[in-house]
Amino acid sequence: MKKLINTPESVLPDALAGFAAAHPELTVDLDARVISRSARPAVPKVALVSGGGSGHEPLHAGFVGPGMLDAACPGEVFTSPVPDQVLAAAQAVHSGAGVLFVVKNYTGDVMNFRLAAELAAEEGIEVATVLVDDDVAVEDSTWTAGRRGTGATVAVEKLAGALAERGAPLAEVAALGARVNAASRSFAVALGPATTPAAGKPGFELPDDEIEVGVGIHGEPGRRREPLRPAHLLVAEVVDTILADHHLAAGDEVIALVNGMGATPLLELYVVFGEVHARLAERGIRIARNLVGNYVTSLDMAGFSLTLTRADPQVLELWDAPVATPALRWS
Amino acid sequence: MDIALALAWIRALAAAVERHRDELTALDTAIGDGDHGANLSRGFTAVTAALDAPDAPEPATVGAVLTRTGTILLSKVGGASGPLYGSAFRAMGAPLDGPTATPAELADALAAGLAALRDLGGAVPGDKTVVDAWTPAVAAFRAAAPAGLAAAAAAAADAAERGAEDTVPLQARKGRASYLGPRSIGHRDPGAASTALIFRALADATHSAGG
Numbered sequence: 001m002k003k004l005i006n007t008p009e010s011v012l013p014d015a016l017a018g019f020a021a022a023h024p025e026l027t028v029d030l031d032a033r034v035i036s037r038s039a040r041p042a043v044p045k046v047a048l049v050s051g052g053g054s055g056h057e058p059l060h061a062g063f064v065g066p067g068m069l070d071a072a073c074p075g076e077v078f079t080s081p082v083p084d085q086v087l088a089a090a091q092a093v094h095s096g097a098g099v100l101f102v103v104k105n106y107t108g109d110v111m112n113f114r115l116a117a118e119l120a121a122e123e124g125i126e127v128a129t130v131l132v133d134d135d136v137a138v139e140d141s142t143w144t145a146g147r148r149g150t151g152a153t154v155a156v157e158k159l160a161g162a163l164a165e166r167g168a169p170l171a172e173v174a175a176l177g178a179r180v181n182a183a184s185r186s187f188a189v190a191l192g193p194a195t196t197p198a199a200g201k202p203g204f205e206l207p208d209d210e211i212e213v214g215v216g217i218h219g220e221p222g223r224r225r226e227p228l229r230p231a232h233l234l235v236a237e238v239v240d241t242i243l244a245d246h247h248l249a250a251g252d253e254v255i256a257l258v259n260g261m262g263a264t265p266l267l268e269l270y271v272v273f274g275e276v277h278a279r280l281a282e283r284g285i286r287i288a289r290n291l292v293g294n295y296v297t298s299l300d301m302a303g304f305s306l307t308l309t310r311a312d313p314q315v316l317e318l319w320d321a322p323v324a325t326p327a328l329r330w331s
Numbered sequence: 001m002d003i004a005l006a007l008a009w010i011r012a013l014a015a016a017v018e019r020h021r022d023e024l025t026a027l028d029t030a031i032g033d034g035d036h037g038a039n040l041s042r043g044f045t046a047v048t049a050a051l052d053a054p055d056a057p058e059p060a061t062v063g064a065v066l067t068r069t070g071t072i073l074l075s076k077v078g079g080a081s082g083p084l085y086g087s088a089f090r091a092m093g094a095p096l097d098g099p100t101a102t103p104a105e106l107a108d109a110l111a112a113g114l115a116a117l118r119d120l121g122g123a124v125p126g127d128k129t130v131v132d133a134w135t136p137a138v139a140a141f142r143a144a145a146p147a148g149l150a151a152a153a154a155a156a157a158d159a160a161e162r163g164a165e166d167t168v169p170l171q172a173r174k175g176r177a178s179y180l181g182p183r184s185i186g187h188r189d190p191g192a193a194s195t196a197l198i199f200r201a202l203a204d205a206t207h208s209a210g211g
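For the record, the sequence lines run as chains A and B.
The first sequence begins at 1 in UniProt numbering and counts up one residue at a time.
The second sequence begins at 1 in UniProt numbering and counts up one residue at a time.
Here chain A stands alone, though its shape is the one from the complex (with noise of 0.2 Å):
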């Protein structure tokens, strides 16, 4: 394992050392392992806290700031956050409008949350929760643990994050959290595996000339191995298993996420959007905005992930509004 660490037991308060130097216009409570705004809002507003386990960077940290989160509670390398945690940062910036939890539907973040949301309304702070449940490559029945939040988690965090800025309420922001989620489609393909630092040793092992098609974002593998193919025939096939599950029709608009996850070149990335771009041409699907960069990643990962999330004029209005974040940054 090669890795720039200086012990695997130390990554996410080292991280989060060098995430403060860096971002002094936020708060880093290094005990408590929370990031949060400096600026209390001058009326109560809905505060937005999200977390999950480290390794998915700019996830969630990056995403906090005027627009978007308030506050974000990193756990241990792709392990939730542990209730205490997820308390404090709930703590840290409740004004008094309740807090919506934006969790990612994984089996240690719901319960984590859970716990921490019943903990909250022991101290009188109202919480909504909000399940991020994208991905198509999990089939999603009462029997199993359910669909993997992954890249419709940047769309929720930034259009919540742009209805609460404007003083929605708590049950409004979590509403149309939960919408965004339900119009949003995730698939993932790995040309090579993670790395956690605590494992020392890759994932999987792939030969040169095969991937991992139906990957999460922690390093897992996929739900099954193919050849590697050029890159326009691999995203039609992603986008084609999007479009068997996600009803949109010709003339429809999306939001485009093209999302590394870790260990590919933009270069690359935009090889992929490129693709993507003309397979939904072809079927009358207009990609209104998108993303094209390192979002929800999976370590030192090397693959990407396409999220489409069904557009409408308040999802574009919300998504053009002013955000300001270590990652994501428009005015």
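The set of hints was computed from the structure by calculation and includes no laboratory data.
It is possible that part of the hints are untrue.
Label-pair restraints from in silico Cβ distances [claimed, not checked]: (1) A/A182 <-> B/A94: 37 to 45 Å; (2) A/D245 <-> B/E18: 42 to 50 Å; (3) A/E226 <-> B/V124: 31 to 39 Å.
Covered stretches of chain B, going by a simulated chain A footprint (3 or more residues, C-beta under 8 Å) [stated by the list, open to error]: (4) 30-43; (5) 73-85; (6) 178-185.
From the three backbone atoms N, C-alpha and C, an ideal C-beta is built for every residue, glycine too.
Fit chain B to the supplied structure of chain A, relying on the hints for placement.
Just chain B now, kept in the frame of chain A:
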């Protein structure tokens, strides 16, 4: 079981987690995200540190030892195993409110731990989770309880290890391994494997204490 034995159980468990840390990580790398060993190690290191701290309160009941263990796991481990094992130990501690516990009382406590696991995780036997080791262990413990604590703990440890081994051919329906679908078949569930350590540690501690 008295308070000293409860403490010995937790210390034996912490040592077992440390010994099997890499094995748990390897199992989790195959069908999960490769951090089960590291997470439990972090949790039980914190548990033993808290129990051994000079200013640690002297536990007055068997349950206090288990509740304290669960609380620390809940606040240190994260992931799925933190809430699951944390809640299980807290649920086991709640009914054991005296300085000693009979094997029958301990059987009830272990069953309460299983109920907490099932309530929080929603898993049933056959889902390829901790429940697959914990369920046969509780049944074996209860069945052997009339023969005494040593016999019950040994039977439970054997049953938990068999239960963990029996997860190998199962397809996971809960937790991160479920995302692999049929590819989760052929691997021992890391959570069931660590549950087997919990019951083996109980058997070892009981054996060392002379039954």
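**Violated constraints from the hint list, given by number and in increasing order** = The structure conflicts with no hint, since it agrees with every one listed earlier.
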